[in-house]
Every structure is written in C-alpha cells, then in structure tokens.
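S.K.: Turn these sequences into a full structure, and let the hints steer you where they fit.
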Amino acid sequence: MTEQLLSIVHLSAVSARDGNAPVLRDVSLSVARGEVHGLVGESGAGKSTIAKAILGILPGGIRITQGTIKLGGRDLLALGAHARRRLLGAEVSLIPQDPLTALNPARRIGAQLTDGLRLWRGLSARDAQTRALALLDDVQMREPARVMRAYPHELSGGMRQRVLIAAAFALDPKLVIADEPTTALDTTVQKQILRLIRAMQERHGTSVIFVTHNLGVVAQICDRATLLYMGKVMEQGTTRDLIEVPHHPYTQAVMAACPRYDRPGQELEPIPDAVLATCRAEVMAFDRAGVSHG
Amino acid sequence: MAEALIDARAVVVAYAARRQFLSKAAPPRPVLHGVDLTIARGETVGIVGESGSGKTTLGRALIGLLRPVSGSIRFDGREIAELGEAAMRPLRRRMQMIFQDPMSSLNPRRTIGRTLTAPLLLHGLVDNRAAARRRIEMTLERVGLPASVLARYPHELSGGQRQRVGIARAVVLAPDFVLADEIVSGLDVSTQAQVLKLLGELKREMNLSMALISHDLSVVRAVCDRVYVLSQGRVVEQGRCDLVFDHPQDAYTRTLLDAIPLPVIDPTWLDRQAPGAAA
Amino acid sequence: MAEVALNHDAAVAAGPPKLRRRSALRALLAQPKVVFAGGFIVLLILLALFAPVIAPHDPLDQDLLSGTLPPAGFAGAQPGYWLGTDDLGRDVLSRLIYGTRVALTVAFVAAFAAALLGTVLGLFAGFYGGAVDAIVSRLVEIWMAFPPVLLSILIVAIMGSGVRSVIVAIAIIDWTRFARVVRAETMAQAKADYVVAARVLGFGRLAILFREILPNVAPVLLALVTLEMGIAVIVEAILSFVGLSVSSDTPTWGGMIAQGRQIIYQAWWVFAAPLAALFATVLAFNQLGDGLRRALDPVMQR
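Protein chains in written order, with the numbering used here: chain A, 1 to 294; chain B, 1 to 279; chain C, 1 to 302.
Simulated from the structure, these hints should not be mistaken for laboratory data. Hints should not be assumed to be uniformly reliable.
Listed next, the in silico SDA-like pairs over lysine to any residue satisfying Cα-Cα at most 25 Å (straight line) [stated by the list, open to error]:
no., chain 1, residue 1, chain 2, residue 2
1, C, K191, B, V31
2, B, K197, A, T187
3, C, K191, B, P27
4, A, K52, A, V283
5, C, K33, C, F279
6, C, K191, B, A81
7, C, K191, A, P105
8, C, K191, B, P30
9, A, K70, A, D172
10, A, K70, A, R84
11, A, K52, A, K70
12, B, K203, A, C258
13, A, K52, A, A102
14, B, K203, B, A132
15, C, K191, B, G159
16, B, K203, B, R240
17, C, K191, B, T56
18, A, K52, A, L79
19, C, K191, A, S156
20, B, K197, A, Q252
21, C, K33, C, L47
22, C, K191, A, L100
23, C, K191, A, A184
24, C, K191, A, T101
Only a predicted model underlies this, so the values are computations on that prediction, with no experimental measurement involved.
M.R.: In structure tokens, the structure reads:
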C-alpha cells in the first residue's frame with residue numbers, strides 16, 4: 001500500500017449558527033503521496049468545509065466535534081495555532097476559486113509571488129525574484145518578466161489562475177488544495193489550467209485535493225475521489241470505479257443527471273426521489289447514532 | 001422548414017464608448033459583426049460561445065433590449081430593430097426572458113406575489129387581482145412551487161426556487177418566445193436537470209420558441225434542436241445539434257467540444273491538443 | 001414530485017432556508033441605539049409640540065432680580081429654575097424647550113426639501129444618463145464649489161432673516177448631497193437584472209424608475225434624510241449664532257449659545273445647556289440614520 005500523506009478519520013463538524021446542525025458526518029478519507037484526490041458534491045455537501053478544516057480556516061460557527069486530520073503523521077487538530085500555521089505555511093497551499101479576489105489589486109504580481117518565498121524560505125529579495133521568474137516560466141506564462149511587474153487587473157482570468165498556481169507550488173508543498181479552481185473560467189481555459197495543475201503535480205510529486213462539483217473534471221484529473229452528500233461520504237474509490245462502475249445509487253443518479261454533448265438530446269433525469277430518500281435515510285441514521293452516543 | 005418566428009439578418013451591434021465631458025466620443029466598439037439567425041415556432045435554438053463571444057449581446061438584441069447599428073430583426077414578420085421603447089412595449093408580452101442570476105433579476109424589495117401580478121395587470125391579461133392570483137397559482141404549480149412563495153421575498157428562497165420563480169414570471173404571460181441566458185450555470189447538476197426538464201416540458205406544452213444561451217455545450221445538446229456557435233461576434237458554425245456536435249466542421253467548434261471534460265475515463269483527454277487551441 | 005424536489009433544493013442549499021422573516025420594524029427595534037435615539041427624538045417632538053404646557057416659565061419673561069442663577073444642585077440655585085437663568089433672568093430650561101420648536105421645524109422641513117430636490121434630480125440623472133446626467137452632474141459640481149456658509153448668508157441676506165429663509169438656504173445648499181448619492185445608487189440599481197426584467201415585461205421608463213428603482217434607493221435615502229436632519233439642526237444653530245436666523249425674541253439653541261458665549265465666565269450653563277442639547281440631538285439623528293439603513297436593507301437583515 002502506498003504511503004498516506006493525509007488521512008482524515010471520522011471527521012464530524014456542526015454549525016453553531018444553524019442550531020448545531022451537522023455539516024460533516026463521519027468523513028474519512030486518505031490521500032497518498034502524489035495522488036490527486038477529488039472532493040465532489042453539490043453546494044452544501046461539505047466539500048469546501050473539509051478543505052477549510054485541513055487549512056484551519058473554518059468560518060466562525062463551524063465546530064469540529066470529532067475526528068482527526070493527520071498530515072504526514074501529525075494530527076493537525078491537536079497542534080496549537082502557531083505550530084499549525086508553521087506546518088501549513090510550508091507544507092500545504094491553496095489554489096483558490098476566484099483568481100480575481102485572491103490577488104491584492106494594489107500590489108504587483110512580483111511582490112505577491114515573492115512574499116511566501118521570503119517569509120518561509122528566507123530568500124533575499126533578489127533570489128526570491130529569480131525563483132519567482134522561474135515559477136512563472138514553469139506555469140508556461142509568456143513574458144514572465146513583464147507579468148512580474150503587472151497588476152492583477154492587467155491579466156486575463158486564465159493568466160491570474162496561472163499566477164496562483166505558481167504561488168501554490170512556490171514553496172514545494174506536500175499538499176495543494178485546489179478549491180474549484182476552474183469554475184470561473186471558460187472551458188478552453190479550464191482545460192489548459194487542468195493540464196497545468198496535473199503537470200505541476202506530477203513534476204513536484206505533490207498530492208492534490210481537488211474540490212469540484214463537476215464529475216467530468218474529476219474523471220479527467222483525479223486518481224481517486226470522494227462523493228459527498230449533506231456532509232456524508234456516499235461513495236469513495238478510484239476514479240475509474242466511481243465513473244465506470246458506480247455502486248451507490250446517488251453516484252449513479254448524479255451521473256445520469258449530467259448533460260453530455262456526446263449523447264443525442266436525451267431526456268435529462270433529475271435525481272429520483274427514491275434515491276434522495278435513500279441518501280437522507282443514511283444521513284439520518286448517522287445523526288440518530290450520534291445522538292444516542294451522546 | 002417551419003415559419004420563422006424570429007428572423008435576424010446581418011445584425012451589427014456596437015457599444016458606444018462613454019462620453020467624457022467636453023471631449024469627443026470614442027468610436028463605438030462593435031460586438032456583433034453581422035449575425036444571421038432564425039428561430040422557428042416551437043423550436044429551441046442554442047447560442048454557445050466563450051465569454052466575450054457576443055452571445056449575451058445577440059440575445060438582448062433579439063428581444064429588443066439593444067438596438068442594432070444595422071441589420072434587421074423580424075419578430076413574427078414585424079421589424080423590431082427600428083422600434084423605440086414605447087413601440088416595443090405591446091410586443092414585450094410575447095417575448096420574455098429568463099435570467100442567469102435569479103437573485104438579481106428579482107426586485108429584492110418586492111414579494112414574489114407582487115412581482116408576478118404586476119405584469120399580468122399591465123398587459124391586461126386578467127381583469128382583476130383575483131383572476132391574476134388564480135393564473136399565477138396555476139403557473140406556480142406547473143413550475144413546481146407551492147403557493148406559499150407568493151408572500152416571500154427573493155432572499156427567502158433557495159437558488160433552485162428562485163430560478164423557478166424566474167421561469168414562472170416568463171411563462172405566466174403566455175409568450176411566443178423565451179430567451180434563456182445561462183440559466184443553469186449557477187446551479188448544481190441535479191437542480192440543473194430539474195430546471196432543464198421543466199423547460200423542455202413547458203416548451204412542448206406551450207409550443208414556445210426558445211433561445212438558450214450557454215457556455216456549456218452539453219446543456220445545449222440536451223435541450224436544443226439547433227445550435228449557433230459564436231466566436232468574437234461572428235457565427236462560425238450553425239446547424240442541427242446532431243450534425244454540429246457529431247461532425248463539427250469549424251476548428252473553433254472542435255476546440256470548444258474537445259475542451260469539455262466528460263465524465264468518462266479517457267487518459268488521452270488531458271494532453272490532447274485540439275486543432276487551433278492556444279498553448 | 002414538486003414538494004420533494006423543493007425539499008431537495010432546500011437541503012442542497014445549506015440546510016433548510018430560513019423562512020422566518022423579520023419585519024423592518026422589528027429589525028429596527030432590535031438595535032438598542034435606535035430605540036434610544038428614536039426615543040430621544042420623539043421626546044423632542046413632544047417637547048416642541050407641548051412647549052407652553054411643559055415649560056415651567058415663559059421663555060421671554062425677564063426677571064433681572066433672579067439673573068444668572070446656577071442650575072439646581074449648585075450653590076445659590078433657586079427652586080423652579082432647574083437649569084438656572086441667563087443674565088436677563090430668563091429660565092434656561094424653558095428657553096431650551098422652546099428652542100426645540102425652531103430646531104425641529106428646520107430639521108424636518110429643510111431635510112425633506114433638500115431630499116426632494118436632490119432625489120428627483122439624482123434619480124433622473126442616474127436613470128436617463130446622457131444629457132440629463134451631464135447637466136445635473138455639472139450643476140452639482142458647480143454648486144459644491146460655492147462655500148456653503150457664504151452661500152447661506154447670501155440667501156438669508158436676500159430673503160431676509162427668519163425660519164423660512166434658513167430652510168430655503170439649507171435645501172438649496174444641501175440638495176447636492178442627495179443628488180450625488182441618489183444618482184450613484186440609481187445607476188448601480190439600473191444595471192441590475194431586475195430592471196432589465198421589468199423592461200422585458202413591458203413596463204415604461206417612469207414605472208421602472210419609481211416602482212422598481214426608487215424602493216431600492218429608499219433605504220440609503222432615508223438614512224441620508226435622517227443624517228441631514230442632524231446637519232440642518234447644526235446649520236440653523238450656526239445661522240442663529242451669527243444672528244441670521246430668526247429674530248432674537250424667539251428662543252433658539254444657536255441664539256442661546258451666542259448669548260451664553262458672552263457671559264461664559266459668569267454663567268457657563270447658559271452656554272453649556274444648549275450645546276449639550278444640540279450635541280445630543282445631532283447624535284440621535286445620526287444613530288437613527290445608521291440604524292434605519294441597517295434595518296431596511298433586506299440583505300443586511302440576515
């Protein structure tokens with residue numbers, strides 16, 4: 001068995017703002033070194049909550065009630081805030097969803113790219129500059145020197161996302177969390193960005209958690225994936241199994257609800273009520289068990 | 001071919017640059033460079049393209065929200081490209097629109113009931129509020145919403161419910177043509193399937209003509225009869241969905257199709273370079 | 001089918017949607033500062049309306065024998081004169097109470113007049129754009145280049161002193177404040193899809209402007225009117241202070257401050273009492289304005 005970089009075991013969380021309603025229900029998943037792991041689900045399924053829990057940036061009101069998140073053997077939830085920040089800063093990075101708001105509009109790209117290098121690697125301004133240029137070259141940015149001097153608004157959405165990918169890989173992290181990084185992009189740009197993330201990941205041997213609502217994206221970029229519904233794992237496995245031989249009725253139903261340009265004008269099948277009833281029964285069974293345990 | 005409800009010829013639309021005080025206006029920036037498009041009665045046409053292709057502009061020109069610089073747009077045989085706001089108004093009932101973002105397309109200070117009632121009274125489709133209420137309740141039931149939403153404000157509904165309200169507002173006027181602009185792009189797959197299915201049913205029941213604007217070619221294939229592929233303000237390819245999707249002729253169409261990640265295991269997809277794709 | 005589908009929608013959209021609706025009034029009353037500020041202003045209105053009943057003395061009644069009496073609790077205070085008397089022996093509390101009449105009249109009438117003028121111009125400028133906008137915007141820019149104090153002195157000088165002149169001066173000077181904010185807000189709202197939706201539905205321009213856009217501009221407007229009331233109270237006080245408001249036999253806070261300034265070493269309370277009243281009133285209007293803005297915004301309510 002391959003070595004696990006990240007393992008989440010029995011993670012549950014509740015939203016205090018919502019009367020302590022569960023938002024994660026006993027989620028377990030593990031990501032091997034060099035693996036791209038997809039977190040799939042509809043909005044509110046908990047995929048972003050998991051990503052934020054790993055990064056330690058859960059919004060106020062979301063409270064973890066049980067479980068562990070281990071990165072390279074160390075339990076992140078047991079670490080103090082300072083130790084955790086040191087660990088995460090160097091070993092985990094994020095490719096955010098919105099490339100526009102993720103960059104400071106008032107600062108040049110170069111300054112924003114070199115920040116992390118200087119803080120975490122202790123590079124001099126000059127070395128950081130050289131390293132940042134190399135990174136931009138890595139993400140196939142044309143005219144990297146000009147981009148370094150540019151402000152975010154001078155770049156297209158795809159270019160900004162390339163900058164953020166460069167920034168995410170700058171410190172050679174062990175784990176990159178990509179939070180719907182292509183949702184705001186046109187499909188042709190999306191494909192370039194997916195190709196780039198995969199290429200960077202393979203070159204650096206990085207593990208990636210890829211948060212998305214698009215099963216097509218999962219099929220094309222992930223090695224393994226976890227499908228969530230209402231904060232509970234519905235199905236988990238290799239992408240091939242998930243896509244080609246889905247076991248859970250929810251997975252089957254979601255696959256059937258996806259429109260596909262390669263199929264003649266089929267009637268789209270919304271998720272059948274019976275399937276939703278099954279899913280909800282699983283969720284409620286968990287909630288009841290949680291209550292009886294205290 | 002069936003009689004065309006909408007017949008647009010050589011439509012050119014340009015946006016005027018904002019004029020600064022005491023300075024000369026910059027020349028208008030063209031967005032559509034001569035687009036031909038027809039939509040038959042009962043037909044659903046897809047308009048696809050990437051951001052900046054002019055698909056939204058084309059849609060707005062078709063329902064008379066934008067006035068073309070040149071070209072002709074006929075609606076049911078009548079030229080609308082030249083009509084002013086007031087002359088358009090009687091035609092408005094017959095051409096409706098469903099918006100991408102149902103939150104911003106519903107007035108936040110108005111209950112759903114008031115939003116749906118006012119247009120019915122405006123166009124004289126009902127004699128009184130009681131009749132309006134009956135008609136609205138029937139429409140709500142048809143789109144799968146309980147009558148209780150009438151008393152609610154837009155922010156009190158879920159995304160899927162708001163989109164249904166948007167659909168109800170468009171169809172309650174019994175229009176001939178509905179423009180749907182990226183209406184499922186913000187929705188989850190299952191909600192998207194529900195909305196598209198509903199739209200297909202309404203279209204058949206009411207013999208609606210529809211234009212579905214989308215960046216998602218899969219959605220277009222699922223519901224449209226014909227498709228127009230737009231790039232930089234020009235139609236690069238158009239035709240029946242089966243022909244365009246199964247045998248695309250234009251390189252740009254091929255690039256667009258190839259860029260869509262399908263939920264199938266295809267190890268060659270990621271590194272496959274479609275002809276003409278920029279590195 | 002429909003019911004289940006809806007449940008699904010709801011479940012997917014992060015739990016069941018909150019259908020509890022808080023009315024604007026309840027959102028308003030939930031803010032303690034609004035309750036205090038609103039209560040204070042209601043109190044002022046009552047004082048102004050029933051001044052003759054409430055005031056312990058005639059505000060103009062001079063009694064040179066009981067001049068510069070200190071407020072209650074200080075050495076030499078006389079019962080019945082809670083806030084003391086001025087150098088002419090007039091009861092400060094009674095003058096303060098009568099002073100609310102001018103202050104509030106100016107606050108309400110001037111703020112509404114300025115709002116009306118500015119809102120109409122701002123709405124049209126923001127909605128129609130083009131030449132209308134160019135004219136209104138230029139007018140606002142030119143207007144704002146005038147020093148407001150000089151402009152108000154000029155207006156009062158032309159029209160003659162009196163409450164009416166003060167109101168006209170405030171409205172004519174401060175409409176730009178409303179025009180600018182309403183224009184910007186209208187432009188933002190006019191771009192929203194619901195305005196396009198109204199056009200698609202066939203509503204005319206004026207209907208869209210007043211039925212769709214105005215209600216969405218209203219919260220900002222209402223907050224601004226309330227703030228303007230505070231400003232109007234101050235402007236009136238300034239004009240009274242320099243003797244350009246009402247005739248000196250009508251008690252005003254500004255006039256009292258002017259008078260108190262001259263005898264500040266003999267009778268500080270004549271200066272301090274109206275200043276405190278002015279301060280509290282303006283603060284109350286500002287707090288109320290802020291509270292209104294919060295309460296009326298349907299998105300901020302959550």
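S.K.: Would you list, in rising numerical order, the hints stated earlier that this structure does not obey?
M.R.: No numbers; nothing is violated.
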